Amino acid sequence: MLPDEPWRRLRRFTNARIGMGRAGNGLPTKHLLDFRVAHAMARDSVHSALDFDALEQALTSRIAHCPQIIRIASRVTDRAEYLQRPDLGRRVVEADIVKLETGEWDIVFVIADGLSAEAVSRNAPDLLAETLPQLSSLRVGPLVLAGQGRVGIGDEIGERLGARMVVMLIGERPGLSSPASLGAYITWQPRLGRQNSERNCISNIHADGLVPPVAAVRLVSLIRGAMKMELTGVGLKDRGQLIEGEAPD
Amino acid sequence: MAYSATVSGERFSFPDLRTLMARATPLRSGDQLAGLAAASATERVAAQIALADLPLKQFLNEAVIPYETDEVTRLIVDTHDAKAFTAVAGLTVGELRDWLLGDTATPDVLASLAPGLTPEMVAAVSKLMRNQDLIAVAQKCHVVTRFRNTVGAPGHLSVRLQPNHPTDDVTGIAASILDGLMYGCGDAVIGINPVSDNVDTMVHQLELIDDLRQRFDIPTQSCVLAHVTTALEAMERRAPVDLVFQSIAGSEAANESFGISLSLLDEAHQAALAMKRYTLGDNVMYFETGQGSALSADAHQGIDQQTMETRAYAVARRFRPLLVNTVVGFIGPEYLFDGRQITRAGLEDHFCGKLLGVPMGVDVCYTNHAEADQDDMDNLLTLLGVAGVNFVMGVPGADDIMLNYQSTSFHDALYVRQVLGKRPAPEFDAWLQKMAILDTHGRVRPQLDRAPRALLQFPDSAEDAHVAG
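Those sequence lines, one after another, are chains C and Z. Note that this note's numbering has the first sequence beginning at 1, numbered continuously upward. Note that this note's numbering has the second sequence beginning at 1001, numbered continuously upward.
Okay, chain Z solo, but in the shape it has when bound (with noise of 0.2 Å):
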């Protein structure tokens, strides 16, 4: 179907939904390199208002990536509930932004409506909106998650700690851990990014935080983000795996580009679930994304990245994860250039995920040949923060010396609490205050002295055992 607008008299016409959708995106040079952007900034509105008028109904008419040929597609539609879907079927695009900023669009009403929503919808609206919209719908979007800990509660802001290393030395990686935690930090998970994909090295990593976690019986998950096939291979030698890690996209071709198939997610999801480790709720997958992702694998099929994106999120949506993050300026400028389309597309993705129903986290970051730095992700992580981000990402100083970006380090997440009145998770809150790290007014390390001793010595316990191992 082809859809148009008129502009100070001057007509344009879109052949399609998907074309429609990329037009009225906001500007960023993945869709530039695609060849999908407007070709000028009148053409960019007239697509807003043709999508504007567009009704919701219409995306169940015509998919952007056909039925047939993507099982992404095949996921949306089929598991699209009509009955959540009334409260809005009358509905246009614009009538829906009105709608969701709207008294009407309250916590546990958007909650409900959540799986009648699609991403096509959602990234839809969030095209028209700005930024502040993101942000005041969001605020009010509560997508709460358990499996030791709550994460996600509103009030609460938790830090997945990341302490990364170049040759996964444990002693390097358990430093790294004890700083992050005398911060306050790893009530998300404690997740390291292993630089090899090897199943040996991924068990022993699991074993030192399971060991530290046992220990000094912190309420927390661990998670080492190798391949899902890797994590099946683990679960098999029954290691301590806690989340289940894997990268998504939205399209089949591009999951396909990444190793991974819904089958094979819903594989590791049930060896997961039957691993039994939760305590708390059985929400054991952990999934990241990213726009570019789907371009970059040259599988995009003439979608935008945002919309490409946010289909991403009905994938993580089917598994019921804890934790969804998306790491926002980690592809580079091919993709989001500056620190102005980095910070649009982390308020785009959280928004589009969290009215999806997905408990959104942001890796708040950059690589160093955008044009971007410190002071731009300072003001994303407090629009987040304001946003009711579920999480973000806690880096030693902002510095990821393996993967070689600049992420939030440790003082960003006690800075973002701190001017925001957040808390961490309640269980791991709690335990906070039980070791001395945070007082009860929030604040991290007001005794060093009073903190165990047995903790502080952590790292030199991980060196022995890495020796005896």
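Just chain C, same shape as in the assembly (with noise of 0.2 Å):
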């Protein structure tokens, strides 16, 4: 192996994999069973499920004034499906519909456990602690917390509320670095059939990334600049600091 020192040094100025020597052209081997645990752990990741009670629990002890929570399935039936079937994942299930009574909001807020559910239970409370007061002068609907959903289910959620804006959080595809990302995808009016473009982003919700303090500022920062030009996607360009992202669509 070739002495690497002077590039050593570099890696405190990124998580990215630098630095890391060779062997030959190839890996070294401790960098090689690193990324190892990193896909295994990714993976175990996707697999896991949405402690959908703690959840519930975590959002009425951290938000003051917390909204009515409502709870629908998409219709998804297991994860492999989920996995295969984004069509399923952005309906909600029959018998979850009459839950989602028509009514009179500005924005109402969903959150779906999507491919990271450590990403949501991590975030999506402190997230919501901090946009919501922020919201006062907004009518804000119903908390939905949809099972096995991806980010379409939204425009179904709120078309159904009666919502001029929807707010998805989902658990992101979990990367090497960050298995427990949250994104964050405003929608206004919803409704079946919007497209990505007509939605914006903020992506990378995390302890290593965006927390969720700053988050929240650029997502209120968004939603009144959405509230302003009746419209999002990509007709609205935050000049602060507008996030695109990936997500489970």
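Read the hints as simulated data drawn from the structure, not as lab findings.
These stretches of chain C come out as covered by chain Z in the derived footprint (C-beta under 8 Å, 3 or more residues):
1. 22 to 36
2. 194 to 201
A short list of chain Z residues far from chain C (calculated; beta carbon distances all over 12 Å):
3. Ser-1004
4. Thr-1086
5. Ala-1087
6. Gly-1090
7. Val-1144
8. Leu-1262
9. His-1269
10. Met-1275
11. Arg-1277
12. Gly-1281
13. Val-1386
14. Gln-1433
Small disclaimer: the values here were computed from a predicted structure and weren't measured. Think of the CB as a built atom: it goes at the ideal place given N, C-alpha and C, for glycine as much as any other residue.
Put the two chains together into one complex; each comes in its own frame, and the hints tell you how they fit.
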């Protein structure tokens, strides 16, 4: 193995896997095995289930004046189907539609497990606890917890609830360095069939990325922009820091 | 027009061309999701048999998406070069496969044929091919492009250095760039995926790379992969935009879901040319594609994902890009389920793009919810290297800490160059040798202590610039 000390110094600047040295042109064994550990953890994260009881408890205890909580499920029956049938993950199961009564709301929040249950349980209560007090001038509708949901399920939920805007908080697909990253998707006038270009997104919300208090500031700024311009998506360019990212759509 | 074939006494019918194409395509989860896949293995082969008998001329008569409703179809039809097509005008799809594999189809012949082929013809022939056919023919298709260096010449393999950071931290990005350069990567482009699609961020990142490039006289180009409308604003501000990036797809509706149209791309292309930042050639665009994006946007219109992907190359071709990158395993298992499907798709995309005259690179990659691992990536990377891919990705340790997926690493790039005897872009190769990063045998970092001290200090100065700015 060749000496790589000058580059090790660079590792303090980023969590990216730099300055690892080489065994020939390959990875040194230590780094090869580190990668396998991270991959194994991310794989396991995809298949872990969200504890909705614990989430509900965390939300009611963390948030002052917590909105009414409604629990619904998508049309997906199990995890394997969730991964292969995004169309079913975007729709509310027939039996739960009655729970979504039409009201007059400026905004509703939906929380879905997505691809990382841990991302939701660790970050969603904190993010909402920071965000909701800043929206006291808006009519905030019920908080919907959606099991096995994709981003698009917010469209149907928002439409049923009669909301002008939906904010979807969802576990992003786990990365090796960030198995628990939350995404927030904002959609003006949610209704079935909305396209991704009609949404704005803040991604990488987690302790080592965009921390919830900072994410909340950006989220509130986007929500205000959407209320003012009456749209979301590519037409809404945040002059602060608009974030684009990836989550199960 | 209806199509049919009989296999073992059973007759299979296909009502139109797009159904025939969809049923003939090798199995993948996205086509199953869209309800377009063949119902059985026998039906799939029957569709391939019917497709093999189809005269290529039929593709000029029957559009898979109507001319009247789709600007991509209009582009394909209106720019078809009938003269170039004459070389194969009398052939069926099956005969085209035989012809492509034969000695008549030399690199020069294939290059002059490209404008005579439509995406649907190319997608169709790929559906009949085995993986080795896709490799053998792609290897004969040389698509060479230039900006500040030369990408895609035979015997060379370039790398996009992808130094992403989850908070767009410039020092972290600079550290990854330096690491990549020290592994001989970055000749295709130094390309950052920004977290925020924001003009200020874009300009700041472009200035960071441009400062590095000018200080050390690096013969490469940079790109910040923000939306084309953001790049247009950056160019209005006279920011150092080398290449304009955009994700593209194979139909007007799918492109709309990306917030783009051909006229918007045209505007961006003209603006990038007007910047005149190139030195060797005026290939100023960088496009990304990937099977499943149209379906993901609910804009597949009954077209299988591989045919739709190939139509995206017609969009790319019009703007003479420096680089086109199919991000093959990025979207997830609902489109490409496992390593086997990702491998097949990567080889198809590379073949189809090259045959159409598009400078193809492949982001050999997967997500953590797909049934794939590094061994699958090693296999596909090696196959694509043999097939003559123009460029692949260089991501630190194969782990993109912003986009949360696994790609190929700087190490992987060294590996594939070594086992196949490939060199970086010639101008970049010379620079690496001048900087003592590469020795004359193409081995990287033989003598670390000879690398210029100023280059090693770069991330510190990026931090200073960031604080000052």
